[in-house]
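There are 4 protein chains.
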Amino acid sequence: MKRDPFEPFIDLEERPDIVAEFNIEPGWRFALARRALFAELDALSHLNHTTFLRYFEDARIGYMMHHGLTAPAPDSTGCVLARLDADYKQPVFFDERLVVTVRAAKIGNTSILLEYGAWSAEKGLTCQSTSLLVMVVTVTGEKERISDAMRASIADFEGREF
Amino acid sequence: MKRDPFEPFIDLEERPDIVAEFNIEPGWRFALARRALFAELDALSHLNHTTFLRYFEDARIGYMMHHGLTAPAPDSTGCVLARLDADYKQPVFFDERLVVTVRAAKIGNTSILLEYGAWSAEKGLTCQSTSLLVMVVTVTGEKERISDAMRASIADFEGREF
Amino acid sequence: MKRDPFEPFIDLEERPDIVAEFNIEPGWRFALARRALFAELDALSHLNHTTFLRYFEDARIGYMMHHGLTAPAPDSTGCVLARLDADYKQPVFFDERLVVTVRAAKIGNTSILLEYGAWSAEKGLTCQSTSLLVMVVTVTGEKERISDAMRASIADFEGREF
Amino acid sequence: MKRDPFEPFIDLEERPDIVAEFNIEPGWRFALARRALFAELDALSHLNHTTFLRYFEDARIGYMMHHGLTAPAPDSTGCVLARLDADYKQPVFFDERLVVTVRAAKIGNTSILLEYGAWSAEKGLTCQSTSLLVMVVTVTGEKERISDAMRASIADFEGREF
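Residue numbers (the numbering used here), protein chains in the order written: chain G, 24 to 185; chain B, 24 to 185; chain A, 24 to 185; chain S, 24 to 185.
Bound conformation, chain G alone:
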């Protein structure tokens, strides 16, 4: 099997080696592999705090599209960020490898609460975050019910009820 260098997402169920190397706690399955890029650092030579949130954004879009959301576009149904918090635990430097994990914590009628982690093999959890997404018709901003199909897909993937 040739590796696909364009595929950034990892199913951690298939990669116990990565789970072990990065000491990722049980309960995380959908992941994204990253290395800190030169221009993502800031004047202190460590990853800018907004870069972690960009990684979580990429993980979030991958996760939501994996469960049926269409690609973000001005005229599609989408999800908007209503709220986020983040804890910064360890600085990250040039070229360091991170496993970025995402999972649903709670699913409401029109909103989803997601949790994130950025794991380093050497430093443990460098940043953790939660964010609340609201499903909307992008053009109008009107809220949309989360479809049964999406709810079922997430429940099936995470192996729990929502």
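Simulated from the structure, these hints should not be mistaken for lab results.
No false leads were slipped in.
As the list makes no split between identical chains, a pair holds if one copy fits it or if it spans any two.
Below 30 Å or equal to it, Euclidean Cα-Cα: the simulated DSBU-like pairs (lysine-lysine) are:
#	residue 1	residue 2
1	Lys-166	Lys-146
2	Lys-112	Lys-129
3	Lys-166	Lys-129
4	Lys-112	Lys-146
5	Lys-112	Lys-166
With chain G fixed as given, assemble chains B, A and S onto it according to the hints.
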């Protein structure tokens, strides 16, 4: 008096016209003027959620330097972000004007809790945020006491005890 | 006269003080004031090379809108970048002030060649660039003739024929 | 063999399948795999022109480090960008896959001319670029001779004299 186009910071005590136009609540004094730039938007044509946090970072650095912090550099004493949260209330589009406000909410031994707002004349408060900063020697990561001079400068500026 | 902190553009004809302080050569009129922001620096603590190009992009959009282009949007007529070159002459560090200048060098049927400079009061010209824009219907990518009104507006502003 | 999701670089000599799928011309060997991320798009929903240059920067740093350059840091010997040009041929949209290629075109005493391409399987070459790097002691800005070891490593990798 010629205006200085390089000076992004505003003392709202001197600009009741801006306070009135943007409906900024009492209790905010240090501000930054911004217009949403083309490349700060994302594929949904609104300001990316991380751009607000960049604005708050710029406001934070301006505020802290106003109160005696040296410019950020790999070998200076600085402040690192330990935690943040943000509430996104309204989308912002190309070229919209925002007043970004920052103030200290609480000052501990080695940490400062800051609060932020991004105010639109047309939409009110578009985003609000808080963040916890910890003063550290940048090279070693060791915590540093907040100096009496900085505490006094902030207390004097905000007109209250800390 | 109160200064407008939201207005980043300067007509250098009205600001001989800025022309003198920044040693800007004759022939430049439309300008943008900038200070290097923390997150625009990279791991070498100087302005990332792409940040200059972002400044030129902002100057370009301001210049083109000043001459009648509508705001960039997925469904408007717009101009796309076909080609650019840039010469980097001096590094720029945190909080340094730059005057970013833009002017039309040549106007064709469907394209405009623009020139840019980023001037420091202390270091002279830190970066210069040219770029070729092509007017297109954004949705279809089809080329559009540059309107007589835009051509006349630029000629009038720059004080020369095109 | 398990794929390594953290390894963005590809030796095209080992991947004729990718060369064929992306119609990459002979003469390119060092490559980087990318997918266009949400926040790399701009208000026109296509990859911002500076994002291509960020990709080329990442490819450049990977290439130079592969040939012995130390990781970029404020106190290391490094290479600074003196000049670049870029031709934009095709817009790139959300989640599109690109192979980013880099190679040395010419090596002088203290400078290297690099060439880049961003290849799409569907659209061919979307952007091509060249840039001139100068080796310097980062702290002082003094030029440095390119080491014989680096010149030999590049010559060996590219299979030609420099």
